[in-house]
Amino acid sequence: MSGFLQALLNPAVPFVRNALIGSVLAAFLFGVLGSLVTVRRIAGLAGAISHTVLGGIGLALFLASRGAPKWISPMLGALVFAILAALTISVVSLKAKQREDTVINALWAIGMSLGVVFLAKTPGYADPMSYLFGNILLVTSGDLYLLAALNVIVIVLVARYYRHIEAASFDEEFAATKGVPVTAIYLGILLIIAIAIVLLQTFVGIVMVIAMLTLPAGTAGYFSRNLAGMMMYATILSLVFSVSGLAVSWTFDLPAGAVIVLLSGAVFLAFSMGNMLSKRSRRNANQQMEPKESA
Amino acid sequence: MGNEEHLPHLPENVAIWCQHLAFRFKDIEVFDDVSFHVHRGEFVALTGKNGAGKSTLLKLIVGLLEPTRGKVLVFGAPPRGRIESIGYVPQHAGFDPAFPIQVEEVVGMGRLSGLSPITKHQKKEEIEWALQQAEVYDLRARPFSALSGGQRRRVLVARALVGHPKLLVLDEPTANMDVESEKKFYETLARIKGTTTILIATHDSDFVSALADTVLCVGQNVDHPHSVHRHAIERAINAPAELYGGDVVRVRHDIELPDNACCEGKE
Numbered sequence: 000m001s002g003f004l005q006a007l008l009n010p011a012v013p014f015v016r017n018a019l020i021g022s023v024l025a026a027f028l029f030g031v032l033g034s035l036v037t038v039r040r041i042a043g044l045a046g047a048i049s050h051t052v053l054g055g056i057g058l059a060l061f062l063a064s065r066g067a068p069k070w071i072s073p074m075l076g077a078l079v080f081a082i083l084a085a086l087t088i089s090v091v092s093l094k095a096k097q098r099e100d101t102v103i104n105a106l107w108a109i110g111m112s113l114g115v116v117f118l119a120k121t122p123g124y125a126d127p128m129s130y131l132f133g134n135i136l137l138v139t140s141g142d143l144y145l146l147a148a149l150n151v152i153v154i155v156l157v158a159r160y161y162r163h164i165e166a167a168s169f170d171e172e173f174a175a176t177k178g179v180p181v182t183a184i185y186l187g188i189l190l191i192i193a194i195a196i197v198l199l200q201t202f203v204g205i206v207m208v209i210a211m212l213t214l215p216a217g218t219a220g221y222f223s224r225n226l227a228g229m230m231m232y233a234t235i236l237s238l239v240f241s242v243s244g245l246a247v248s249w250t251f252d253l254p255a256g257a258v259i260v261l262l263s264g265a266v267f268l269a270f271s272m273g274n275m276l277s278k279r280s281r282r283n284a285n286q287q288m289e290p291k292e293s294a
Numbered sequence: 000m001g002n003e004e005h006l007p008h009l010p011e012n013v014a015i016w017c018q019h020l021a022f023r024f025k026d027i028e029v030f031d032d033v034s035f036h037v038h039r040g041e042f043v044a045l046t047g048k049n050g051a052g053k054s055t056l057l058k059l060i061v062g063l064l065e066p067t068r069g070k071v072l073v074f075g076a077p078p079r080g081r082i083e084s085i086g087y088v089p090q091h092a093g094f095d096p097a098f099p100i101q102v103e104e105v106v107g108m109g110r111l112s113g114l115s116p117i118t119k120h121q122k123k124e125e126i127e128w129a130l131q132q133a134e135v136y137d138l139r140a141r142p143f144s145a146l147s148g149g150q151r152r153r154v155l156v157a158r159a160l161v162g163h164p165k166l167l168v169l170d171e172p173t174a175n176m177d178v179e180s181e182k183k184f185y186e187t188l189a190r191i192k193g194t195t196t197i198l199i200a201t202h203d204s205d206f207v208s209a210l211a212d213t214v215l216c217v218g219q220n221v222d223h224p225h226s227v228h229r230h231a232i233e234r235a236i237n238a239p240a241e242l243y244g245g246d247v248v249r250v251r252h253d254i255e256l257p258d259n260a261c262c263e264g265k266e
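Order-wise, the sequence lines are chains S and E. Residues 0 to 294 in numbering that gives the first Met the number 0 are what the first sequence lists, from first letter to last. Residues 0 to 266 in numbering that gives the first Met the number 0 are what the second sequence lists, from first letter to last.
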């Protein structure tokens, strides 16, 4: 671990410090947006958006190799595909609810396959694995500025419209009778999640984005009393998982993204098990109490 | 908003005014030529079989649905323009038990109005008053998912009461409610009756709470099944005990009243 600390302070390896700053900035997004993904039960939807991103990246790299102008970057391709996927899914889910899961899975598979095909036809080295798991040590200062900007936007919007978002997520019908624009809130959340996925996958990878949008918030859900608490605890958990994962991966020379996912997953499973066991023991205790009460 | 000037000028004492209302959902005709009115302070029981369209009618009245033809006015304006006058208790069968939220926060949703911010001042007093009215004050710090079904219903009533609505619309609020909760629930309605116009849907259509001044029946007229009619009520003899948390009256589905029955034939 001391090796990780030394690397952090070593000006010759600024990427370690950047990775840490990136983790902190990402933790807020994972905590806040992940809580919304969890309570609104749109994890599958976020998964589909992030996997279609591979199609956009593949297309942009392919076009660039065929002499397309420089502004067609993988980031732009990812953004276009993510927003298209978010819009497609939201139109389907608002207009024809019964087909939502089919469309989500179709987009997921089609987007990823497109990416693999484009990357195969792109000359030079382009490994789909590097986009699936990313490399947190490759985060640039440009990425950090974009992330910081998105953080500010998300925090301002959530702070201002917290009660409205909470009501629209808990009971859409009632919120609508109070004039809360529930469809606009839903679309806004999807759009911001799509943008966040694009920014985050550049250095943590597609798989880790999904994991971090669901696991810390899912864990926080076991002990949070309200949505704000869930956002806060999920942020703290994301931070702990990212930083400790980074340190472990640096120390043992393991891929950072995968280590962070495994840590988050292990803690989530431990909480799920603990929750199940405590429910069972409470039920048993109640059953033992009852005969005494009636006697 | 633009066509508000074409709205009819209604007497001050009319809370809900429905004129030649029609509603279709996809290819299904739910309502056709429905006309009725409800006065301020009136307690109206809306009865009808499952699937007759009670919930749909309530959603048209609270502005969640738009009529295909005709008009619904609440206190003289379309429901969307009366957000702060309407308190709505939806059926809310499928809430997510994993959603982390406390009773106080659920009730606090009643303060929302569009995207306006909520001031601190609105916060405490309004919520506490509503919690007390629905007799759920002691539950305010509990997780919503830890409550019984009946307690949850009363919390949703408290949420609808925040902001002192002039019209309270309840969609089968006592379905699957325990006797104790049902009693408390009708006590709450009795307290606010008169100052608040109450429209309550119930599927048990032979008897209604004795609080009811008027009974409207959905889809029970053979000649005109997609409509709403006013039926007579009479004192109930041999009514089942423990129904509607207190006294009940019998609905005479065989006696249909004209829509102006409440106005002694005027209007």
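Where hints are given, some of them may not hold.
[Unchecked claim] Some chain S residues close to chain E (C-beta under 7 Å, calculated; not the full set):
id: 1; residue: LYS120
id: 2; residue: TYR161
id: 3; residue: ARG162
id: 4; residue: GLU171
id: 5; residue: PHE173
id: 6; residue: ALA175
id: 7; residue: THR176
id: 8; residue: LYS177
id: 9; residue: GLY178
id: 10; residue: VAL179
id: 11; residue: ALA183
id: 12; residue: SER223
id: 13; residue: ASN225
id: 14; residue: MET229
id: 15; residue: VAL242
Hint data in this document are derived by calculation from the structure and do not stem from the laboratory. All values derive from a computational prediction rather than experimental measurement. From the three backbone atoms N, C-alpha and C, an ideal C-beta is built for every residue, glycine too.
So which of the earlier hints does this model not fit? 1, 2, 4, 11, 15
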